[in-house]
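**Q** Single-letter residue listing:
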Amino acid sequence: AQTVTQSQPEMSVQEAETVTLSCTYDTSESDYYLFWYKQPPSRQMILVIRQEAYKQQNATENRFSVNFQKAAKSFSLKISDSQLGDAAMYFCAYNEGPENTGNQFYFGTGTSLTVIP
Amino acid sequence: KAGVTQTPRYLIKTRGQQVTLSCSPISGHRSVSWYQQTPGQGLQFLFEYFSETQRNKGNFPGRFSGRQFSNSRSEMNVSTLELGDSALYLCASSRGRDFYEQYFGPGTRLTVT
Chain A
1 AQTVTQSQPE MSVQEAETVT LSCTYDTSES DYYLFWYKQP PSRQMILVIR QEAYKQQNAT
61 ENRFSVNFQK AAKSFSLKIS DSQLGDAAMY FCAYNEGPEN TGNQFYFGTG TSLTVIP
Chain B
1001 KAGVTQTPRY LIKTRGQQVT LSCSPISGHR SVSWYQQTPG QGLQFLFEYF SETQRNKGNF
1061 PGRFSGRQFS NSRSEMNVST LELGDSALYL CASSRGRDFY EQYFGPGTRL TVT
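From first to last, the protein sequence lines are chains A and B.
If you read the first sequence in the working numbering, its first letter stands for residue 1, the second for the next number, and so on.
If you read the second sequence in the working numbering, its first letter stands for residue 1001, the second for the next number, and so on.
Hints listed in this document are in silico derivations from the structure and should not be mistaken for laboratory results.
Check the hints yourself; a few may be wrong.
As the list claims (entries may be wrong) - Derived lysine to aspartate or glutamate pairs resembling EDC-like cross-links, with alpha carbons at most 20 Å apart: (1) A:K55 x B:E1101; (2) A:K55 x A:D26; (3) B:K1057 x A:E96.
Claimed, not checked - Example chain B residues on the side facing chain A (calculated, C-beta under 10 Å, incomplete): (4) V1004; (5) T1007; (6) P1008; (7) T1020; (8) Q1037; (9) Q1044; (10) F1045; (11) E1048; (12) N1056; (13) E1101; (14) F1104; (15) G1105.
Built from N, CA and C at the ideal position, the CB exists for glycine as well.
Bound-form chain B, shown alone (with noise of 0.2 Å):
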């Protein structure tokens, strides 16, 4: 069964730019969480999707933004970009109903100018 995909792998954009990451669940799996990571501020939660609706939202900006597509398919995007939004962007899926089984992706690195 093929992994969690996330696609770009690496990304350098300029601050005021916006950019769009996609994340492929594994077949199956209906549920895919976002998570940000950075070296001074650990792995943080930023959204969960489930069927298409977004279930929780972690404590972060309206910049950040994201959906499910009907294939469960997530995209998450960022508009105006600052350098402070440089990190590695995780993707997690799970069936949803035994959601603790989370599956993560290898990430997108994301390097803001």
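Excised from the complex, chain A in its bound form (with noise of 0.2 Å):
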């Protein structure tokens, strides 16, 4: 199985400033997807942004960007003038794609978000 690694269980940030949490991933395969997925307290998971492996181009979303580094399998999320709305759990995942095993997603352990106004 495939396995994603979280090192940073909890981290914080002063609102408006920016902060980057960090997955690594292990895999053979050179087709893939990440993701990162933020669950607020008490609130439905969603989705934050995907990166398609293939694809060199770091995905944006607004005040959300990733560092996508495929050689040393490191897909760290940026989050830039943070808000309070951004405290959260933060999962990074990882699919190989319907193709090969479905949805079948691996999550790292989650890393605490706080935001300190």
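Given two chains presented individually in distinct reference frames, assemble the corresponding complex, making use of the accompanying hints.
**A** Here it is, written out as structure tokens:
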């Protein structure tokens, strides 16, 4: 099975500042997909951003961007201009695609982000 | 468009009992996945159903089973409950073709005493 590692159980950031969450993964595949999900306290998990491994360009979604380093198997999430609403548990996830494993996602253990006013 | 719904939201059961959880996907979504979330193990994949067929299964004992109906609604069943089955059970749906657009439900919090 593939493994996804998030080495930072907790992180904090000052409001309006930038924070980077780390994620590494292990795979022997060349084509796969990576995701960051956000789970606010007592709320539903939502997709923040996704990256296709065959794309060299890093994905961006408004204040959220990733640094995808395929050779290093690293996939970090940068949150710019942090807002109080960004406080949540963030999960990194990996999927090989519907042709291989359907919708089987492998998740990291999560990073709890606190935003300090 | 209504989101993914899960029922019940909270459940307390006793060891040895069985439990059935329900998930209604977003209208038009044909794929439903189930996950177990615990503080120690994080999110672990249970299984995925697509068009009433189990397409993939995680590494869980046979006590965990599921099914999907023709309207894409899905149920998962846990028999002979153990204390370690206490967890948040999440359901996620997607169209199936654009698999990565996975939408999660609020979860069912199961407590086994």
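**Q** Honestly, which of those hints from before does the structure not fit?
**A** Of the numbered hints given earlier, those the structure breaks are 5, 6, 7, listed in rising order.
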